[in-house]
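Here is how the chains run, residue by residue.
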Amino acid sequence: MPRTTTLESPGCPPLRAITFDVLGLIKVSEARSKQGGVTKVVERWGEPDASRCVLAASINDRKVDPLLAVARKNGAVELLSPINGDLRVSLATTNQTDVQSQEDNIVGLHLFKKQQSESSPRSCTLLTCTTKGLTTVRSVTIPRSLGDSTCDDTPTTWNVCAAGNVLCCKVDENENYALFGGKGVEVNIWDLATHTKIWTAKSPPKNSLGIFTPTWFTSATFMSKDDHRKFAAGTNSHEVRLYDMSAQRRPVMSFDFRETPIKAITEDVDGNTIYIGNGSGDLASVDIRTGKLLGCFLGKCSGSIRSITRHPDLPVIASCGLDSYLRIWDIKSRQLLSAVFLKQHLTKVVFDSNFEDDEVAGTVATMPPSEQDIDDEPVDRDEESPPVVKKKKKRSKSRSLDENEEEAVSSKHKKTKKSRNLDREDEESRSAKKKKAKKSQNVDEDEEELISVEQEKSKKSKVKSKDGKSKKSKKSKGESIDV
Amino acid sequence: MGNKRKEREVQSDDDAPAKSRTKKMDKADGGKPQLLPSMIKNKDKRSALYAKLKHEKKAEKKKNAKARAALESRALELGEELPPKKVPRTIENTREADETVCRPDDEELFAGNDVDEFSKVLNHERVPKVLMTTCRFNSTRGPALIKDLLTVIPNSEYYKRGTYDLKKIVEYANNKEFTSVIVVHTSRREPDALLVIGLPNGPTAHFKLSNLVLHKDLKNHGNPTGHKPELVLNNFTTRLGHRVGRLIQSLFPQDPEFRGRRVVTFHNQRDFIFFRHHRYTVENKADKHDKTKDKNKDAGVWPKTLKGDIYAQLQECGPRFTLKLRSLQYGTFDTKGGEYEWTHKAEMDTSRRRFFL
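Those protein sequence lines, which keep their order, are chains C and R.
Each residue of the first sequence is one higher than the last, beginning at 8 in the working numbering.
Each residue of the second sequence is one higher than the last, beginning at 1067 in the working numbering.
Derived by calculation from the structure, the hints in this document are not laboratory data.
For clarity, every value in this text was computed on a predicted model and none was experimentally measured.
It is possible that some hints are incorrect.
Okay, derived cross-link-like pairs now, SDA-like style, lysine to any residue, Cα gap no bigger than 25 Å in a straight line [to be verified]:
| # | chain 1 | residue 1 | chain 2 | residue 2 |
| --- | --- | --- | --- | --- |
| 1 | R | Lys1402 | C | Gly171 |
| 2 | C | Lys190 | R | Lys1402 |
| 3 | R | Lys1213 | R | Val1279 |
| 4 | C | Lys190 | C | Thr203 |
| 5 | R | Lys1402 | C | Met260 |
| 6 | R | Lys1186 | R | Lys1242 |
| 7 | R | Lys1233 | C | Arg265 |
| 8 | R | Lys1129 | R | Arg1155 |
| 9 | C | Lys339 | R | Glu1413 |
| 10 | C | Lys209 | C | Thr273 |
Using the sequences and the hints, build the whole thing.
See the structure below:
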């Protein structure tokens, strides 16, 4: 037989990655240990439509009620459930739709992980930034069902730059500061609480030949979790710079990487290593303290890298870009673990860190109750015997409730484990977590109450009229969505 | 001393292996040869064994061929189905499996095609208009190739390069509503690269150009008419190939004039794209007797049977060259800030059975 070199990939650990492409499709790839760590596309959400091209995405992968925010080319920002891709909220363009020209696309999107308002547990906060530098922070309340209107607070909007194009926007881990930079825009840092600019970078001096390189930042990232003062930025002139706000306004260190512009920078959790990807598909890891190249990720990758993401727990990074491949790499050995061909130019990849191999069966079992309910309904209609229906419904509800409780308990367990494992986490975060857990409990209780109310309602309606089935079915649908 | 002792040892040791060797030889005589020629140190014996093995192999091959021929002839006699013919293994049909090969049932592919950079031209919304230019210093074969390409691609114009930056030219072409820019790059008076830029925001393909034969250097070349040519694109199978194919397709008008009987071929084989330009005629057998004889004498046209009594005749005209893709860049020409969709890298060349187009 002829000698053929197949991609010998050792297989990746169980993980779940979500990729976004230029046709507005969202694809979920999963690797499971049962299949020998082969990554496969398991789901595809959305219909191909170029105007819905995904420009930015952000995930809040908390244990309870995770959320995925997606910014589209037509100006819409959507909040999805990363578990099943259900659309939770769709926000049209901001109120300045007429003013915004077509070129003013959203470049940065951040979904805040911490809750801002204590009163409404179902609200979330979004930061969006457009090319022109228009930055908006708004909180959105997720409605119970799609039909309800979203009650937004008044969005606070400000402009981060007078001229130029913003190309990168990043919010630090504690979510107090945001960083903006771009073509003709020096990196500047804003305090998100007061909406004031607290720091601006200064461009490096002319070189020995007296040539001044114009400012053109393409990507940036904060270096460590609890320090917003250090960050790394990549420029169009294939230069990677390290800034330290506490030291000076000019870069503390800078070095060149290959010949094409740096397109993606991601930090490692250790706060020293960064991963850089450039326009011709080179991916490398660099120790930013010394600027020394640790090594390149070689794997016949030939298209520009648009996004790199570090998995929060596993020693794995994912990269994607114009070669339409999602590639998963091991950090230590810098080996390609697996590659999936996803057919379109990819714009962004995020990890869903809650995915666990063992739990797959469990989540699949717990997920569909809503579907089950929906499936049950036609049967109920056929049978025309209300008491039986009641029993069934009660049963199913109680089951789902139990499951919910179980989930919550398990998640708590995990959290405690995590906190034990991670020594670095300070007390604040712990207390925050506790709060979160409490909140989740509250949510559960709320839901229980609601459900009980609704149950009563449905009972009443059944007693009132047998022929009002359509209403009943509607209500039950609403319930199913809630559950 | 040492040597002698060694010899003695060797002799004493030799007894056992010698026997085994003879045994092996016996086996080789009887059936399976187990002793490889490379194991024998004596050259005479080694070459003798090698010759013998080679002879055996040849004889077996001949026997097999004869058996096959016999089977075939018998099948012919009895009117049975012929035994299946063996397909020779080539590099093409043992190509490495590629998951990026386009499938006709891929709806995402078609959805992507509808919105890509070429869709306007290919959906007849815009008429293709091509600007041709050269590199900064060109002479001899460069302008000659441009002259030939101007006849091949309809609605194309040549602009002198002057001292303009390519980015400025792209900008200018955008303003003048050109749909593509072609740059012929020459080095040492020989065209060696071709740059095809899609406008207004289409991709930029950089090809290596080789084996150039100009129109006037072709023997028995034909002279093309001014009709819009037909286009043949062969073997652009993968997603990358598909994209390159569409880029090439967008250079030509989408409504060929079949009256002109003029065809332009881009044939991809093992990642090399062969460019040919032909005229053809389709004739009946009845007319053939009086016509083709004359033509054969004059123009060297070889008739070729197609079906029944219809003949197609092919005559090459225009330039002939080979292209090889070096890089495909996203967006228009930009060497400094460009993003590449695909570039050739040395680390990709680990197998000669892997093709990208």
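Verification of the hints:
1. Lys1402(R) to Gly171(C): holds, 19 Å
2. Lys190(C) to Lys1402(R): holds, 14 Å
3. Lys1213(R) to Val1279(R): holds, 13 Å
4. Lys190(C) to Thr203(C): Answer holds: Lys190(C) to Thr203(C) is near 21 Å, not above 25 Å.
5. Lys1402(R) to Met260(C): Distance ~22 Å between Lys1402(R) and Met260(C) Cα, so the pair holds.
6. Lys1186(R) to Lys1242(R): holds, 17 Å
7. Lys1233(R) to Arg265(C): Judged against 25 Å, a Cα distance of about 22 Å means the pair holds.
8. Lys1129(R) to Arg1155(R): Distance of about 21 Å is within 25 Å: holds.
9. Lys339(C) to Glu1413(R): holds, 21 Å
10. Lys209(C) to Thr273(C): Holds, at about 22 Å.
The structure meets every hint from the earlier list without exception.
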